[in-house]
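> The listed protein sequences correspond, in order, to chains A and B. Heads up: the first sequence is residues 629 to 1008, going by my numbering. Heads up: the second sequence is residues 707 to 790, going by my numbering.
These are computed hints drawn from the structure, not numbers from a lab. Positions of the beta carbon are idealized from the N, C-alpha and C atoms, including for glycine. Heads up, some of the hints might be wrong.
Non-contacting residues of chain B with respect to chain A, defined by C-beta distances greater than 10 Å in every case (computed) [to be verified]:
{"#": "1", "residue": "708"}
{"#": "2", "residue": "754"}
{"#": "3", "residue": "788"}
With a Cα cut of at most 27 Å, we get these calculated DSS-like pairs of lysine-lysine [what the hints assert, rightly or not]:
{"#": "4", "chain 1": "B", "residue 1": "740", "chain 2": "A", "residue 2": "648"}
{"#": "5", "chain 1": "B", "residue 1": "733", "chain 2": "A", "residue 2": "765"}
{"#": "6", "chain 1": "B", "residue 1": "709", "chain 2": "A", "residue 2": "748"}
{"#": "7", "chain 1": "A", "residue 1": "775", "chain 2": "A", "residue 2": "765"}
{"#": "8", "chain 1": "A", "residue 1": "776", "chain 2": "B", "residue 2": "733"}
{"#": "9", "chain 1": "A", "residue 1": "775", "chain 2": "B", "residue 2": "733"}
{"#": "10", "chain 1": "B", "residue 1": "740", "chain 2": "A", "residue 2": "682"}
{"#": "11", "chain 1": "B", "residue 1": "709", "chain 2": "A", "residue 2": "775"}
{"#": "12", "chain 1": "B", "residue 1": "740", "chain 2": "A", "residue 2": "867"}
{"#": "13", "chain 1": "A", "residue 1": "854", "chain 2": "A", "residue 2": "867"}
{"#": "14", "chain 1": "A", "residue 1": "872", "chain 2": "B", "residue 2": "709"}
{"#": "15", "chain 1": "A", "residue 1": "807", "chain 2": "B", "residue 2": "709"}
{"#": "16", "chain 1": "A", "residue 1": "748", "chain 2": "A", "residue 2": "807"}
{"#": "17", "chain 1": "A", "residue 1": "807", "chain 2": "B", "residue 2": "740"}
{"#": "18", "chain 1": "A", "residue 1": "761", "chain 2": "B", "residue 2": "733"}
{"#": "19", "chain 1": "A", "residue 1": "748", "chain 2": "B", "residue 2": "733"}
{"#": "20", "chain 1": "B", "residue 1": "733", "chain 2": "A", "residue 2": "682"}
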Amino acid sequence: MANSTFLRFLLLLLYQYRSKHAGIAVISSLIVALLSAVLFISQSIQAETALQLKAQPDFVVQRIRAGKRIDVPVEWLEEIQEINGVSSVTPRVYGEYYFSPREEHFLLFGVDFFDEQSSKAIEKIVQETDLRKFLSKEQMIVGDGVKKFLQEHYYKGFYNFKNPDGEIIKVPVYSSFDKETNIISNDMIIMPMELLRSIFAMDEETLTDIAFNVPNEAEWDNVLTKLHLLHYDIRVITKEEITKSYHNLFNYKGGLFLALYLITIMTFILIIYQRYAMVAVGWSIKDVLKLKFFETSIIVLLSFINGVIIAYCYVYLFDAPLLSNLFLGSENLSNEVAFMPVVDFGLLGSIFLFFGIPFIAAVLIPVWKIAVTEPKEAMK
Amino acid sequence: MIKGFLVLALLYTAALTSITAHMLFFKRDSHREKIMQTLSIVNLPTLSLSTSYMAAGIRGYTKPSNPSYPDMMPIDTMSFVYGE
């Protein structure tokens, strides 16, 4: 009965000051939503990159001259294959094609469509792809961002590439990648390797770089030494370097976000700092603190749930417009990524603690201070 | 008054249930499979970052450079997000 009276009084109090509580709840919800949205996006990207890193080759060999990457001769493929312990040696031909009128660029990949693995993957990934029809002439498959770009610039089903010699090479668009793969394929164009070489005016006997695996990790150092003994103008990129690059999402600048969040929450807490004098009307200190604790806890909990719901819908249902640009950039083709839902409950718990405890403390400390003062003084 | 709070509680329950259902029934396997298949075609795992032409488009493989001023390091905005 006592609890029921307490609950009724608590609800009455919340109802009585609903406009004040609503104001606080709206601001709190927005703070939690912003923080949760940033963390949801970063977790989703981290999950996607972890997936991509599984497909990452152990080593990539590039050729360097005067500090710049230059093309690798095809003969290097055989030389690398002959090193003991090396497997899956893959030639790669790719590069960025610059569209000067709009200062935008596409990432062009040359694919050996006669390679069994590539052709099977293409048949699966691009719906209704008839590989025979696709290979009957020189065509390309484009990412969703490229497709939109071409439509906006009145290229209906084709694009005129200009090679360094000034020749125009008209390439029809055969199909496009699924929007679900936008996180890796948005600015991507794949086409036959020979066609790509003619667009970049590359020598037929050259490659952009060579990727390979060394299944036995104990052999890695040995293979690296052998490679450096073979050629002196090489740069070897290891899987670890790439992993570090993508895993360090907000690694050293994460502190900046945390600092901004703390400044925001502290400012807000100062605003909600308030005084009560219920002890003057006959309440015990315990009752006053209990009532304020539950009142504040309800507001904190509702604001937290609101914030998380808003962030979830914003990131995973509406694909985080604007905020996703922070992670994916906005200087080239616009990228509408469908984020894969990843929710780390441990992290949500931490956000709740970072948000809830200072909030409750900001209300309870002044209330306690007032509650322990003499009623006469409190009423002055 | 109590009725109003009960309606609010029901709304929150419904919203949280919908989110949980969305999270549980999201087709993760199909999403992952499509990404892995795309990767198996190009053999180059990279995020499709919308960076300027002079910034490092493929992180780890290319270095930012300015063709007009090769000695001047251009600002790579993505380095504020991804570590090196």
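> Each of the hints needs a verdict: does it hold here or not?
Hint check:
1. 708: violated (6 Å)
2. 754: The claim breaks: residue 754 (chain B) does not keep its Cβ more than 10 Å from every Cβ of chain A (closest is about 4 Å).
3. 788: violated (6 Å)
4. B:740 with A:648: Not satisfied, since the Cα-Cα distance of roughly 49 Å exceeds 27 Å.
5. B:733 with A:765: Given pair residue 733 (chain B), residue 765 (chain A) is violated - Cα atoms ~35 Å apart, limit 27 Å.
6. B:709 with A:748: violated (60 Å)
7. A:775 with A:765: holds (20 Å)
8. A:776 with B:733: holds (25 Å)
9. A:775 with B:733: holds (25 Å)
10. B:740 with A:682: holds (14 Å)
11. B:709 with A:775: violated (53 Å)
12. B:740 with A:867: Holds: residue 740 (chain B) and residue 867 (chain A) sit about 22 Å apart, inside 27 Å.
13. A:854 with A:867: Given that 27 Å is the threshold and the Cα spacing comes to 18 Å, the pair holds.
14. A:872 with B:709: violated (54 Å)
15. A:807 with B:709: violated (45 Å)
16. A:748 with A:807: holds (20 Å)
17. A:807 with B:740: This hinted pair holds, its Cα atoms lying about 10 Å apart.
18. A:761 with B:733: violated (31 Å)
19. A:748 with B:733: holds (22 Å)
20. B:733 with A:682: At roughly 20 Å apart (the allowed maximum being 27 Å), residue 682 (chain A) and residue 733 (chain B) satisfy the hint.
In terms of the numbered hints stated before, the structure departs from hints 1, 2, 3, 4, 5, 6, 11, 14, 15 and 18, listed from lowest to highest.
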